[in-house]
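*Asks:* If you want the building blocks of each chain, they are given just below.
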Amino acid sequence: MKAFTYERAKDAAAAVAAVSRPGAKFISGGTNLLDLMKLEIEQPAHLVDISRLPLRTIDELADGGLSIGSQATNSDTAADLRVRTRYPLLTQSLVSGASGQLRNKASIGGNLMQRTRCPYFYYPATGCNKRDPGSGCSAIEGFNRGHAILGASDACIAIHPSDMAVALVALDAQVELLGATGHSRRIAVRDFHRLPGETPHIETVIEPDEMITAVLLPPPPPGRQLYRKVRDRASYEFALVSVAAIVETRHKKITTARIALGGVAPKPWRSVEAEAALEGQSATMPTFRAAAEVAMADAVGRGHNDFKIELAKRTLCRTLADAARTD
Amino acid sequence: MSTSTAIGRPSASEYSGQIELTVNGQSYRLELDLRTTLLDALREYLRLSGTKKGCDHGQCGACTVLINGRRINSCLTLAVMHEDDRIVTIEGLGAPSALHPLQAAFVERDGFQCGYCTPGQICSALGMVAEVEAGVPSHVTPDVTSPDVDLTDAEIRERMSGNICRCAAYPNIVAAIRDYTERGRR
Chain A
1 MKAFTYERAK DAAAAVAAVS RPGAKFISGG TNLLDLMKLE IEQPAHLVDI
51 SRLPLRTIDE LADGGLSIGS QATNSDTAAD LRVRTRYPLL TQSLVSGASG
101 QLRNKASIGG NLMQRTRCPY FYYPATGCNK RDPGSGCSAI EGFNRGHAIL
151 GASDACIAIH PSDMAVALVA LDAQVELLGA TGHSRRIAVR DFHRLPGETP
201 HIETVIEPDE MITAVLLPPP PPGRQLYRKV RDRASYEFAL VSVAAIVETR
251 HKKITTARIA LGGVAPKPWR SVEAEAALEG QSATMPTFRA AAEVAMADAV
301 GRGHNDFKIE LAKRTLCRTL ADAARTD
Chain B
1001 MSTSTAIGRP SASEYSGQIE LTVNGQSYRL ELDLRTTLLD ALREYLRLSG
1051 TKKGCDHGQC GACTVLINGR RINSCLTLAV MHEDDRIVTI EGLGAPSALH
1101 PLQAAFVERD GFQCGYCTPG QICSALGMVA EVEAGVPSHV TPDVTSPDVD
1151 LTDAEIRERM SGNICRCAAY PNIVAAIRDY TERGRR
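Chains as they are written, first to last, in our numbering: chain A, 1 to 327; chain B, 1001 to 1186.
Excised from the complex, chain A in its bound form:
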């Protein structure tokens, strides 16, 4: 690990001022950043500790939604009774990720900012455009079983590993950002992560002097919420494919549907096309399969990950069937 200097931010304004200095980075739970710093993939010159800022609470919003402070832990958020009863999808996604120890430390803001677990990103002896822009992508011709089938580019086929972000995208959540000039802005989680294009090292739309202060949940949408994660191990493993679905039915017809997928793309992947294919249709397997075909219409396999295309379709069908159950 490279040497760094450290400060504990005394308030949010001081934090964004401190992170404006060259080479500075925020640290909160540290579960991803320190892992990468030990491997010298991340080499911050200065760490600004924001973990003790008063941004840990979960508060009611006037519109019936919830504001989750960016420094709330994954555990506390998953366990909050308001989250569990109104946004069970969010709790299901959070408890399907990482381990109990990691969830106790990892923050909500950090979960959104976590980096890919692509093995080539983690292995400096190989080329990786995300780690070392211009060095090529070793995964495209390499062992790409875990990689993206949607939204990738010739420069990078890594996926975003978060489960939580998939649920947040389905729930139409927003990220609240504070900048060094004191300005605050909100952006949909759906628009927070960028596709790789030619610049896979730029992963989000956050500015260098901005800090995530909260995640804002709108009032819960109608319908049953369900998160399903398919992976190589039953626990403590990243998704091969995951599906967040919210389905509302009336008289066995689908009135509204929200679909997001994880493990398949460089960002949590909302499929409005598949949603449109469901709405107004009968809640039956042929409908679900047709929506799954729409969701995967642009999917591209890279060899080892070809199976993900069919796996995603089947996982989507099964999740939609369970979410649309009327019993």
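In the EDC-like style, the derived pairs of lysine to aspartate or glutamate whose C-alpha atoms are separated by at most 20 Å in a straight line are:
#	chain 1	residue 1	chain 2	residue 2
1	A	K313	A	D298
2	A	K25	A	D209
3	A	K25	A	D132
4	A	K313	A	E293
5	A	K2	A	D132
6	A	K10	B	D1085
7	A	K253	A	E279
8	A	K38	B	E1044
9	A	K10	B	D1084
10	A	K38	A	D132
11	A	K10	B	E1020
12	A	K2	A	E40
13	A	K25	A	E176
14	B	K1053	B	E1091
15	B	K1053	B	D1033
16	A	K2	B	D1056
17	A	K38	B	D1056
18	A	K25	A	E42
19	A	K25	B	D1033
20	A	K252	A	D322
21	A	K313	A	D232
22	A	K252	A	E279
23	A	K25	A	D49
24	A	K2	A	D49
25	A	K25	A	E7
26	A	K10	A	D209
27	A	K313	A	E279
28	A	K25	B	E1014
29	A	K25	A	D11
30	A	K2	B	E1014
31	A	K38	B	D1033
32	A	K2	B	E1031
33	A	K2	B	D1033
34	A	K10	B	E1083
Simulated coverage check for chain B against chain A, where a stretch passes if three residues somewhere in it have a Cβ under 8 Å from a Cβ of chain A:
#	stretch
35	1028-1040
36	1052-1062
37	1065-1074
38	1117-1130
39	1144-1156
Hints were generated in silico from the structure; no laboratory data involved. Here a beta-carbon is modelled for each residue, glycine too, at the ideal position from N, C-alpha and C.
Chain A is already provided as a structure; the job is to place chain B on it using the hints.
*Replies:* Okay, now just chain B, sitting in the frame of chain A:
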């Protein structure tokens, strides 16, 4: 209740810091390189080597300690971030002459073979039981909207998945934790 002991490297620079840690009720002042993880501070400076280093990347759980009663991986956090916290390690739970009831359950159920993961397993299990008592749901909880959790074997296995046992003593680890929760904390 505690005395303060000064330990560490004397060479102060902008890359080092003087910090105070409270471990097992004892307060320590240390001069540390800022890169020092909590795990290395415990093992290399405080000589509390009960906490084990396995993978050093948060994957194996051998380094699990309790911070303000909550389990975390001590390898993935910096010592300097834990001033004002109550840190408890395996040394703070029991001793060979006075085992913690969960340690006794591990002995009785043979919940280990080489023993390297055991301190982490025990700290993790204690944190896990507190989470269940607080009603925290898990991936296998049938209904996450319910405020109560029934600690089945499936729940124990899921909640302990962050602790790897390379000897695969898992069935006996589950049994030891089940005994501890069912018999109470004698």
